[in-house]
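Engineer: Generate coordinates for the entire structure from the input sequences, incorporating the hints supplied.
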Amino acid sequence: MERYVLKLSDAVGSCVRFLALVSGLLLMALMMLTVAAVSLRKINQPIFGAQDISEAGLIAVVFFAMAYSGWTGGHIAVDLIGNVVKGRALQMLDFGVRLVCGLFFIIVTWMSIEHGLDALEYGDGFNLLPILHWPFYFIIAFGSGVFSLVLFLLAARSACGLPEIKVK
Amino acid sequence: MSESTIGLIGIAALFILLALRMPVGIVMMLIGGVGVWAINGSKAALATLGSEPFVIASNFELLIIPMFVLMGNLASISGMSRDLYGAAYAWFGHWRGGLACATIAACAGFAALSGSSVASAITMGRVALPEMRRYNYHQRLATGCIAAGGTLGILIPPSTGFVIYAILTEESIGRLFLAGVLPGLLLTFLFMLSIGIQCRIKPELGPPGPKMPMRQRIKATGQAGAMTGIIVVTIGGIYTGFFTAGEAAGVGAFLAFLLAIIRRSVNWTTMSDTLLQTVRTSAFAFLILIGAHVFNPFLALTQIPTTLSETLIGTNFAPLGILMILLVAFIVLGMFLEGFAILVLSLPIVHPLIIQLGYDPIWFGVVMVIVLEMGLISPPVGVNVFVVKSIAEDVPMSEIFIGIMPFWLAMVVCLGLLIAFPQIALFLPNTMIG
Numbered sequence: 001m002e003r004y005v006l007k008l009s010d011a012v013g014s015c016v017r018f019l020a021l022v023s024g025l026l027l028m029a030l031m032m033l034t035v036a037a038v039s040l041r042k043i044n045q046p047i048f049g050a051q052d053i054s055e056a057g058l059i060a061v062v063f064f065a066m067a068y069s070g071w072t073g074g075h076i077a078v079d080l081i082g083n084v085v086k087g088r089a090l091q092m093l094d095f096g097v098r099l100v101c102g103l104f105f106i107i108v109t110w111m112s113i114e115h116g117l118d119a120l121e122y123g124d125g126f127n128l129l130p131i132l133h134w135p136f137y138f139i140i141a142f143g144s145g146v147f148s149l150v151l152f153l154l155a156a157r158s159a160c161g162l163p164e165i166k167v168k
Numbered sequence: 169m170s171e172s173t174i175g176l177i178g179i180a181a182l183f184i185l186l187a188l189r190m191p192v193g194i195v196m197m198l199i200g201g202v203g204v205w206a207i208n209g210s211k212a213a214l215a216t217l218g219s220e221p222f223v224i225a226s227n228f229e230l231l232i233i234p235m236f237v238l239m240g241n242l243a244s245i246s247g248m249s250r251d252l253y254g255a256a257y258a259w260f261g262h263w264r265g266g267l268a269c270a271t272i273a274a275c276a277g278f279a280a281l282s283g284s285s286v287a288s289a290i291t292m293g294r295v296a297l298p299e300m301r302r303y304n305y306h307q308r309l310a311t312g313c314i315a316a317g318g319t320l321g322i323l324i325p326p327s328t329g330f331v332i333y334a335i336l337t338e339e340s341i342g343r344l345f346l347a348g349v350l351p352g353l354l355l356t357f358l359f360m361l362s363i364g365i366q367c368r369i370k371p372e373l374g375p376p377g378p379k380m381p382m383r384q385r386i387k388a389t390g391q392a393g394a395m396t397g398i399i400v401v402t403i404g405g406i407y408t409g410f411f412t413a414g415e416a417a418g419v420g421a422f423l424a425f426l427l428a429i430i431r432r433s434v435n436w437t438t439m440s441d442t443l444l445q446t447v448r449t450s451a452f453a454f455l456i457l458i459g460a461h462v463f464n465p466f467l468a469l470t471q472i473p474t475t476l477s478e479t480l481i482g483t484n485f486a487p488l489g490i491l492m493i494l495l496v497a498f499i500v501l502g503m504f505l506e507g508f509a510i511l512v513l514s515l516p517i518v519h520p521l522i523i524q525l526g527y528d529p530i531w532f533g534v535v536m537v538i539v540l541e542m543g544l545i546s547p548p549v550g551v552n553v554f555v556v557k558s559i560a561e562d563v564p565m566s567e568i569f570i571g572i573m574p575f576w577l578a579m580v581v582c583l584g585l586l587i588a589f590p591q592i593a594l595f596l597p598n599t600m601i602g
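Line by line, the protein sequences are chains X and V. Residue numbering for the first sequence follows the working numbering, starting at 1 and increasing by one per position. Residue numbering for the second sequence follows the working numbering, starting at 169 and increasing by one per position.
Take these hints with a grain of salt, some might be off.
List of simulated lysine-lysine pairs, BS3-like, C-alpha gap at most 30 angstroms [as the list claims (entries may be wrong)]: (1) Lys166/X with Lys7/X; (2) Lys557/V with Lys86/X; (3) Lys557/V with Lys166/X; (4) Lys166/X with Lys42/X; (5) Lys7/X with Lys86/X; (6) Lys211/V with Lys370/V.
Over the 12 angstroms line for every Cβ pair with chain X, so calculated as not near, a few chain V residues [as the list claims (entries may be wrong)]: (7) Ser170; (8) Gly209; (9) Arg368; (10) Ser477; (11) Val496; (12) Gln591.
Stretches of chain V that chain X covers, calculated by requiring three or more beta carbons in the stretch to come under 8 angstroms of a beta carbon on chain X [as the list claims (entries may be wrong)]: (13) 232 to 239; (14) 514 to 525.
Everything labelled a hint here was simulated from the structure, so no lab data went into it. Keep in mind that this is a model prediction, so the values were computed, not measured. C-beta: ideal position from N, C-alpha, C; glycine also.
Structural biologist: Below, the structure written as structure tokens:
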């Protein structure tokens with residue numbers, strides 16, 4: 001069991017890191033867009049729909065990085081019980097909490113797909129540009145789905161007594 | 169079961185799950201979702217869970233969070249922290265306790281580039297601690313000033329604390345940023361004053377360093393010029409209405425990126441680390457905001473905020489008395505809960521009350537951020553203390569906490585001054601253009 005969890009950890013770790021890098025590169029692109037939009041607006045040549053692009057891009061930035069943040073312990077928690085409960089008991093507690101979180105994020109994934117399908121049916125879109133909402137609901141669903149997978153894997157690591165993932 | 173009872177059960181469950189180490193953002197989403205389900209049925213709850221992630225993640229104003237985080241991280245890799253410390257060191261280093269003052273001044277400068285207290289403490293700590301050790305500074309003063317100086321990160325704009333406050337209360341991010349400038353400078357001064365008093369009483373705490381000639385001081389100041397330029401462009405741009413806070417963030421990040429390229433600090437490794445760190449921090453901030461936007465409607469449905477406001481106002485306490493109760497409660501909470509958690513959990517209840525009491529919400533935002541700063545250096549879970557401990561592993565926690573106390577008292581003085589003279593916070597936002 002432990003061997004499979006470790007193997008899966010390597011694969012998932014690389015995958016969420018790659019997604020987070022994509023998120024970072026998208027953020028750099030949004031930074032460039034912001035600078036261009038401000039500069040061009042000052043010479044009365046505003047970029048039409050720059051805000052729409054930023055809003056759509058921000059969704060991808062956030063949800064491509066959600067799983068990486070979870071994988072590397074970035075989502076803050078209040079560590080009061082860690083001073084009282086230690087060792088195996090704490091790992092089993094983490095197992096339970098992560099399992100619940102993973103199950104909950106399956107619901108979020110499912111609801112995002114439902115909303116995406118609704119947006120597809122009704123043709124909802126952003127304000128100025130003809131960018132439709134539905135692909136971005138599916139990006140949220142994808143990001144949430146990967147996050148829930150990460151939470152299950154972290155739960156499995158706790159159950160196997162494997163150490164927490166460290167980040168630089 | 170009444171809505172208020174469901175609300176109270178929800179709040180109790182929230183604290184239990186938080187104590188069990190469930191991430192703050194997920195707890196709020198979970199309790200908010202279940203709570204809305206209990207009051208308005210499954211359809212409403214599932215609709216909230218499906219829509220809020222999209223609403224928050226596509227909020228243009230929130231682009232400011234990853235952009236300013238990116239700016240701070242780029243400033244770190246381009247060596248600006250070293251320049252800042254060098255400039256402050258050149259001017260204050262020869263005073264008694266001067267290196268500690270230089271650390272505080274450099275922390276204040278770095279805070280203007282980074283919205284995070286932890287980032288400020290870790291970045292400046294790595295630069296300043298070895299220098300203070302070299303000049304035989306007492307470990308209490310050395311570690312205490314780094315932990316306290318780091319807290320300026322969330323008071324001096326850009327500040328992620330202000331962004332979250334602004335989003336949850338629908339206040340202007342730009343006005344909140346400007347409101348933080350003068351209190352931030354005041355607190356910097358009070359921290360330095362506290363160092364001066366400590367070293368006057370016990371000179372061995374901070375022996376003076378060598379005095380630098382004027383030419384060297386000017387040179388060191390010039391080296392920090394690029395960083396000053398970025399601060400002037402971003403904060404000045406917001407003040408003059410040249411661009412919005414979100415645009416300022418994008419431009420600031422771009423300038424920091426440009427500077428990092430010019431200084432040849434950018435390569436694939438540093439850049440990928442910077443990007444990963446940036447999106448990691450941003451994702452956690454967004455998860456908390458999504459959680460807050462699922463939890464807050466539930467709390468509103470329970471009527472608990474309204475009832476609590478009416479009860480507190482009905483006690484006939486003076487507004488100042490109620491404010492004091494709130495601040496003491498926040499300080500106590502800050503000893504156990506993470507600052508952002510306090511912000512998102514308490515604002516739906518406290519913000520309407522503050523408005524009803526006649527206080528300015530922008531001013532209250534500043535007061536609240538200072539109280540959160542106090543939590544960052546309060547035992548037993550002061551995050552900045554753990555950050556300093558990670559840099560100064562040989563210094564016992566008790567020593568760091570003792571070293572922090574004078575700075576903690578300086579924060580109390582700052583709070584008192586802000587309550588007595590709210591104009592300190594409100595002057596700049598009230599005179600901003602645009």
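Engineer: All hints, please: hold or fail.
Structural biologist: Now for the hints, and whether the structure bears them out:
1. Proximity of Lys166/X to Lys7/X is assessed by CA-CA distance (about 17 angstroms); at most 30 angstroms being required, the pair is judged to hold.
2. With a C-alpha separation of about 21 angstroms, the suggested pair Lys557/V and Lys86/X falls inside the 30 angstroms cut-off, and the hint holds.
3. At most 30 angstroms may separate the alpha-carbon atoms for a hinted pair to count; Lys557/V and Lys166/X meet this at roughly 18 angstroms.
4. Distance check on the hinted pair: Lys166/X and Lys42/X sit about 45 angstroms apart at the alpha-carbon level, beyond 30 angstroms; violated.
5. This hinted pair checks out: Lys7/X and Lys86/X have alpha carbons roughly 26 angstroms apart, not beyond 30 angstroms.
6. Note on Lys211/V and Lys370/V: the hinted pairing is violated, with a Cα-Cα distance of about 66 angstroms set against a maximum of 30 angstroms.
7. No beta-carbon of chain X is positioned within 12 angstroms of the beta-carbon of Ser170/V; the least distance is around 26 angstroms.
8. Look at Gly209/V: its CB is around 15 angstroms from the nearest CB on chain X, clear of 12 angstroms, so calling it non-interface holds up.
9. For Arg368/V, the requirement that its beta carbon stay farther than 12 angstroms from each beta carbon of chain X is met, with the minimum near 38 angstroms.
10. Look at Ser477/V: its CB is around 26 angstroms from the nearest CB on chain X, clear of 12 angstroms, so calling it non-interface holds up.
11. The beta carbon of Val496/V is kept farther than 12 angstroms from every beta carbon of chain X, the shortest such distance being approximately 20 angstroms.
12. No Cβ of chain X approaches the Cβ of Gln591/V within 12 angstroms, the least distance being about 32 angstroms, so the stated non-interface status holds.
13. Given as covered by chain X, the segment 232 to 239 of chain V passes the check, having 3 residues with a CB less than 8 angstroms from a CB of that chain where 3 are the minimum.
14. Given a C-beta distance limit of less than 8 angstroms, the hint that chain X covers the segment 514 to 525 of chain V is violated, as 0 residues qualify and 3 are needed.
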